[in-house]
Structures are given as structure tokens and as C-alpha cells.
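Asker: Each chain is listed here by its residues.
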Amino acid sequence: MAVVINGTSGITGNTGTLISASTIGVGGTTPSASGAGITFPATQNPSSDANTLDDYEEGTWTPTCVSTGQTINYSTRGGTYTRIGNTVRAECAIVISSVSGTTSGTTITGLPFANAGESYTGLGIIGYNDGFAATVYSAWIQSTTGFFRAGTKSSGNDSSGFAAGYVNVVWIYKA
Amino acid sequence: MALTETKAIDKIELVGAHAILQVREATTIMRDGEEIAKTYHRWSFEPGADISEMPANVQAIAAAAWTPEVIAAYQAQVAAQRMGAQA
Numbered sequence: 112m113a114v115v116i117n118g119t120s121g122i123t124g125n126t127g128t129l130i131s132a133s134t135i136g137v138g139g140t141t142p143s144a145s146g147a148g149i150t151f152p153a154t155q156n157p158s159s160d161a162n163t164l165d166d167y168e169e170g171t172w173t174p175t176c177v178s179t180g181q182t183i184n185y186s187t188r189g190g191t192y193t194r195i196g197n198t199v200r201a202e203c204a205i206v207i208s209s210v211s212g213t214t215s216g217t218t219i220t221g222l223p224f225a226n227a228g229e230s231y232t233g234l235g236i237i238g239y240n241d242g243f244a245a246t247v248y249s250a251w252i253q254s255t256t257g258f259f260r261a262g263t264k265s266s267g268n269d270s271s272g273f274a275a276g277y278v279n280v281v282w283i284y285k286a
Numbered sequence: 015m016a017l018t019e020t021k022a023i024d025k026i027e028l029v030g031a032h033a034i035l036q037v038r039e040a041t042t043i044m045r046d047g048e049e050i051a052k053t054y055h056r057w058s059f060e061p062g063a064d065i066s067e068m069p070a071n072v073q074a075i076a077a078a079a080w081t082p083e084v085i086a087a088y089q090a091q092v093a094a095q096r097m098g099a100q101a
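So the sequences go chain by chain: A and B. Start counting the first sequence at 112; every next residue gets the next number (the numbering used here). Start counting the second sequence at 15; every next residue gets the next number (the numbering used here).
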């Protein structure tokens with residue numbers, strides 16, 4: 112049985128607690144039929160209050176390695192994401208089977224949300240990899256693209272591109 | 015007991031000054047008419063990106079938003095990132 116809490120009259124009681132054995136929907140959302148937890152609206156209803164969690168979403172995305180001039184073939188590629196409030200954690204696991212051509216730039220496109228943080232923010236954490244042509248030591252996000260700096264390059268985006276192998280990255284940024 | 019699976023683009027958004035296109039597909043599992051599970055897949059596209067594999071309504075929104083001026087402004091910003099303007 113669902114308990115519907117009216118926004119104006121609410122629920123009154125003498126314990127001050129609310130216990131649910133399954134799921135609770137907020138924002139008028141129908142609670143999930145599985146598990147136990149809080150179900151948020153499929154479309155965020157943003158709160159201006161700094162102490163209010165107003166969004167949660169999990170899903171998948173499709174990462175694409177882009178390096179101008181390179182043709183990149185994949186064995187597998189995929190990604191998952193979790194958005195909590197305005198914070199996104201997105202990870203991608205890519206296996207590059209072959210690469211041909213010369214390159215300019217080393218990026219991964221298709222991040223699930225645009226970066227709403229300041230320029231050059233967003234954090235890319237490199238996990239296991241041998242799919243970069245040079246060792247990456249810096250990663251940031253512009254819009255929905257992750258940029259890499261690698262090798263001996265002292266400024267700008269890396270130009271060494273990708274190689275056959277694994278590219279595993281976790282991205283953390285503001286949406 | 016009847017299980018059905020449906021896929022639908024349930025969200026199309028243009029985000030930020032450069033009109034980044036965000037698309038979400040919802041896959042919903044229904045049992046006897048009641049939703050029992052839902053998953054999402056997201057795509058994002060920057061102005062000028064190839065969206066030929068997206069549905070016609072998504073392409074129409076992009077075509078309206080991504081004017082040559084919008085695409086040029088976005089590409090200029092990306093070029094600055096590649097060159098390391100902050101380096």
C-alpha cells in the first residue's frame with residue numbers, strides 16, 4: 112500500500128519517524144516495484160536548497176575514442192554512470208583491437224552529461240590501460256569530451272593518440 | 015504472467031551555452047501492465063557531431079539548434095582546449 116504524503120498537510124504523529132519496508136517515491140513519483148530505497152522523478156525537479164538531494168540516476172553510455180586521423184576498431188566498449196545530485200561518476204571500459212593512421216588529439220567522447228563545472232575541470236582517473244600511445248598524466252573534461260595530456264607534452268591536448276589495448280577511465284565531474 | 019520490454023527516447027535536452035545535445039533512452043520491463051524494472055542509456059553530442067544514427071526527432075532538434083554560428087563557437091572553444099590555452 113502506498114502512503115501519499117500531501118505537500119501541505121503532510122503526516123502528523125508523535126514519533127517523528129517514517130518507516131517504509133520497500134520504496135518511497137518523491138516528487139509524486141511512483142515508487143519502484145523492486146528493492147528498497149528512494150525513487151526520484153525520471154526528470155529532475157531541481158531544488159534551490161543547498162541541503163536537498165534532488166536527483167539520482169543510473170545508466171549506461173557509449174564511449175568513443177576520437178583521435179583525428181586515426182581509425183580505431185574495438186573489441187568491446189561500454190560505460191556506466193551514476194548521477195547523485197549534480198555530481199556524476201562515469202566509467203568506461205574500452206578494448207581497442209587495432210589502430211591505423213596518424214593522429215592529432217586524444218579524446219573520449221560521449222560522456223553521459225555535459226560538464227557544468229569550470230573550464231579544464233572534471234577529473235579523469237586512469238585505471239588499467241595500455242591503449243594510450245603514451246603515458247597519460249592529466250585528464251579533464253570539456254562539454255562531453257574527455258581530454259588527455261600525455262608523454263612529454265607540456266601543454267594542450269595529447270597528440271600521440273591511441274594504440275591497441277585497454278582504456279579504462281573513471282570520470283568524476285559536475286553536471 | 016506477461017513480460018514486455020519497451021525502448022523509448024524519453025529525454026532530449028540541449029544543455030549550456032553551446033547547445034550540447036543529451037539524449038536518454040529508457041528500457042522498461044512490464045509485468046502484466048506493471049513496471050517492474052527500468053534502465054537508461056545516454057548519448058551526448060557536441061555541436062556538429064554525426065547524429066545520423068539518432069531518431070528523426072532528435073536530428074530535427076539538433077538541426078534547429080546547431081546553427082553554423084553555434085558550431086563555429088563550439089569548435090573555437092574546443093580548439094582552445096586542444097592548444098592548451100590554460101597551460
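Source of the hints: derived by calculation from the structure; they are not laboratory data. Check before you lean on any hint, since a few could be wrong.
Here are the simulated lysine-lysine pairs, DSS-like style, with alpha carbons at most 27 Å apart [said to hold, decoys possible]:
no., chain 1, residue 1, chain 2, residue 2
1, B, K21, B, K52
2, B, K52, B, K25
3, A, K285, B, K52
4, B, K25, A, K285
Asker: Are the hints correct? Go through all of them and say.
Answerer: Outcome of the hint check:
1. B:K21 x B:K52: 10 Å, holds
2. B:K52 x B:K25: Answer holds: B:K52 to B:K25 is near 14 Å, not above 27 Å.
3. A:K285 x B:K52: 24 Å, holds
4. B:K25 x A:K285: 20 Å, holds
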